[in-house]
Amino acid sequence: MAGSRTSATEVLGRGHPWLSLAPALCVIAVLFGGGLVLGLAGSFAERGGGWSLDAWAQVLSEGRVWRSLGLSLWIAGASTALSCGIGLGAALLLRRSFPGQGLARLLFQINLTIPHAVGALGILWLLSQSGFLARLVAGAGGIDTPADFPPLTQDRFAIGIIAHYVWKEVPFVGLILLANMQSLGDDPESAARTLGAGPFAAMRLVLLPLLMPALVRAGAIVFAFAFGAWEVPVLLGQSSPAALPVLAWQRFTSPDLAARPEAMALAMLIALVSALLIRAAFTARR
Amino acid sequence: MKTVIGGIGGALVLAAGMAPFAATAQDGEALLAMEWDEIVEAARGGEVNVFMWGGADNINAYVSDYIGGLLADEYGITLNRVPLTDTAEAVNIVLGEVEAGAAEGAVDMIWINGENFRTMKQGDLAWCGYVEKLPNAELVDFDNPAIANDFGTPVEGCEVPWSRVQFAFAHDTARTEEPPRTIPDLLDWARANPGRFTYPAPPDFTGAAFVRHVFIHAAGGPETLIGPFDQAKFDEVAVKAWDILNDLEPSLWREGRTYPTSITQLQQMFANREVDLFFTYDPAEVGTAVVNGIFPETAMSYGLEDGTLANTNYMVIPVNSPNKAAAMVLQNLLLSGEAQLEKAQPDVWGAATVIEPDRASDEVQAGFAALERHPSVVAIEELGQAALPELQADWTQAIEDGWIENVGN
Amino acid sequence: MNMGLLRVVAGLVLVCCLVAPLLPLGLWSVARGWFFPQVLPATWTLEPWARAFAPRSEIPGALLTTTTVALASAGLALALGIPAGRALGLYKFRGKALVELALLAPVIVPGIAVGLGIHGVFLRLGLTNSMAGVILVHLVPTLPYVVFVMSGVFANYDAEAEAQARSLGARPMQVLWHVMLPAIAPGVMVAGLFAFLVSWSQYILTLTIGGGRVVTLPLLLYAQAGAGRNDQAGVLAMLSLAPGLVILALTARQLTGRGLALGGGAR
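Residue numbers (full-length UniProt numbering), protein chains in the order written: chain U, 1 to 286; chain D, 1 to 409; chain Y, 1 to 267.
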């Protein structure tokens, strides 16, 4: 698109995009591609040399793995849906000025720079049954012991994990959408309004479809991260079922050497499921 | 060229043109042929990379400052302490290196025991046969089965003992005046106090040790579980053990629907009054927790009348260590009477020694006799009266897997 | 009017939710033995901070390591990512979609899947346990973001200006320096800063490739949290926030929400 904008032959690098791309492609091919290939090879490796399907057979026959997969899908799905929904709401809120808008925007940006490890620890100390929130409620006389407070971390619905991802990703989604709204300007919606559409109809029928591609892209990134991250469920997750990445890391660091190919198989399963689902989301858009 | 174990990406290893690592890692064979003085000379001015669990400031300070200082002053050797959250990480590094044919490893020493040591020994990842070269090895009673066997795996000169620990429980005297002092009492106590007890889910190290106590109780004592793994015996005891633990679930924290995932979580829950009992494989930790403000001063550790598991932890040198001579000098230093005494001081660490004090100098003997412990820490002598031997790694692995399969789900 | 009130309330809730998880972290960094049911610490102390910067503390060294790794990794990511972003943003060519997919794949494929395998690659390259290896491996998460941001920047870049400069007799290097660089500078800054932050936040890749030898702040944070030293973990958490805050303060004008969002934030 941009390339067709200029007809000059004098633009540097024109006709040689591969030269500019080669260094980055090489690095990604070796580090990322090599990592995937070796991970895959590792999942088929047998101790003492040779190849086998044992690790895959073992992993796929375990009920625990399927339960973990289900949990991770729930975590990633719920986190993505909530982040996108709330992020959209927040973006719509923040594009109009109101008292405190500047502060909210600043916090959005700060939040984006916070490492996941820090956020997860903060959520743990905020939401656990003896955490900050529980103590506030206890101080107000709402509960007597930690057990009276609803379990929000290490709980069966992974509320703590999802809360962390939503907390971290709402600003991410929100800022992407804000940027898109800025570049769209007010024109599409005001055009619809002049044609007689109400404010909500204008938003739903005009603005939302225009934002959809950005929303799907942001959602895919959120989904992939929430599906595959280890740092967060390891702090906030329950013992069983554990999120799939936690299970993979457990096998990777197990003193039992036979568990390593299984760890690799689990890691590949994570990559495969994530890639397939995201692909499906993009195809459905078209 | 040494055999490469494991086969992850075996073809790629060959393609990469694997170098025979014995040639570049410091040559163990040559060292074994040297006199101790020559080894010390070879080590002088070098460095040694020690990989160890790094979660306790006092332990870190003891190793980095006290031991590291002595090593630098007396031998000019630099000690690099590498903190780990899980010892298996270091074993994995060595394993990965050896599998990939990395000539020179990154790891010179690992603080280790149990399954991780078994993994290293079985995988030929541990350097063996040098222990009698260390002058201070004379202070250790290698005939003591508790030292000659690491969780039932014969040590056979492949690692050097460092400390002894014994499992202990802890309670807050301000909350729980009379804690249960046997496993059956504990089970009854938990039923009488619903929601006030739980244990970390294996594979957490401490949680798995608790499960072994129940397993030994179900077996009627440790005697029949000692020795190599016996599937028939395991199956017979396992049924009872899982019944006991499954029956207990409704009385546990959150009705046993979930378990803490780490001993740290249990520690925090105890500190926050979510549960009333804590346990640890190192009673000195309870004293440290009080000093650090994690536990109230009323926290107190205690042993069980029917005994608690005891084990020894060790230092191992990986087979591809690039600084074996310096690692040997360090191990010798760690075993010295002075270093073992310093480590036993309650304000330093409070770790029980592996040497026989009466084989050490008079000052060291006097020092051990004069040791005082932190008021929250149960006396090692009291604990030691009822010590249970650790089970072999195959047993502990089977018990862990069995728990995950039958109880933890 | 009703809508306006709703906005204020919603904005207030949003602000509170964003700040809430940081509160206990900050409080723990100045507390001792702060446990249920105390709403606020009974003992306030600066001891955790004093300890963090005591002579033997590992934290200053880790701060230096984390900063060095993040700077180097961000620099490398820019060096590789700007040309790639330019090619993707300016030109149409056969296989472009595939290249885009390949360069962005590390964002879509979860890190752990690659991390376990990358360890093997790095062993064979002799890069494990070293800072160089950690810097390189941080390219996996950082490079895609730089490419992503820069291709966006170049898509809006007027390449015609370069042609004009060339026709006026400027040499290629002069064109790059005087025409391209000023035009893309804000984008480069956003991309670089976010590459820095992404590297700053890494845990699993640092642990596996650094083998524990390259000690960064996230490693210490997990070690202290894992040992129940909430006060030390609180200090480390506060220190981890620092670069993001500094960067925002220093560049408040240049950094728009757009740039930040494109950067993807710390992962």
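One should not assume that every hint holds.
With beta-carbon atoms standing in for the labels, derived distance ranges [said to hold, decoys possible]:
no.	chain 1	residue 1	chain 2	residue 2	range
1	U	99	Y	47	49 to 57 Å
2	D	239	U	60	25 to 33 Å
3	Y	101	U	201	34 to 42 Å
4	D	347	U	57	49 to 57 Å
5	U	276	D	409	24 to 32 Å
6	D	72	Y	75	33 to 41 Å
7	Y	75	D	372	52 to 60 Å
8	U	183	Y	182	19 to 27 Å
9	U	57	Y	75	40 to 48 Å
10	Y	94	U	102	14 to 22 Å
11	U	208	Y	93	29 to 37 Å
12	U	204	Y	2	19 to 27 Å
No wet-lab data here; the hints were simulated from the structure.
None of these values were measured; they are calculated from a predicted model.
Built from N, CA and C at the ideal position, the CB exists for glycine as well.
Structure-based check of all given hints:
1. U/99 <-> Y/47: 49 to 57 Å: violated (40 Å)
2. D/239 <-> U/60: 25 to 33 Å: With a Cβ separation near 28 Å, residue 239 of chain D and residue 60 of chain U satisfy 25 to 33 Å, so the hint holds.
3. Y/101 <-> U/201: 34 to 42 Å: holds (36 Å)
4. D/347 <-> U/57: 49 to 57 Å: Holds, at about 54 Å.
5. U/276 <-> D/409: 24 to 32 Å: holds (27 Å)
6. D/72 <-> Y/75: 33 to 41 Å: holds (35 Å)
7. Y/75 <-> D/372: 52 to 60 Å: holds (55 Å)
8. U/183 <-> Y/182: 19 to 27 Å: holds (22 Å)
9. U/57 <-> Y/75: 40 to 48 Å: holds (46 Å)
10. Y/94 <-> U/102: 14 to 22 Å: violated (47 Å)
11. U/208 <-> Y/93: 29 to 37 Å: At roughly 33 Å between Cβ atoms, residue 93 of chain Y and residue 208 of chain U fall inside 29 to 37 Å, so the hint holds.
12. U/204 <-> Y/2: 19 to 27 Å: holds (20 Å)
Against the hints set out earlier in the document, violations occur for numbers 1, 10.
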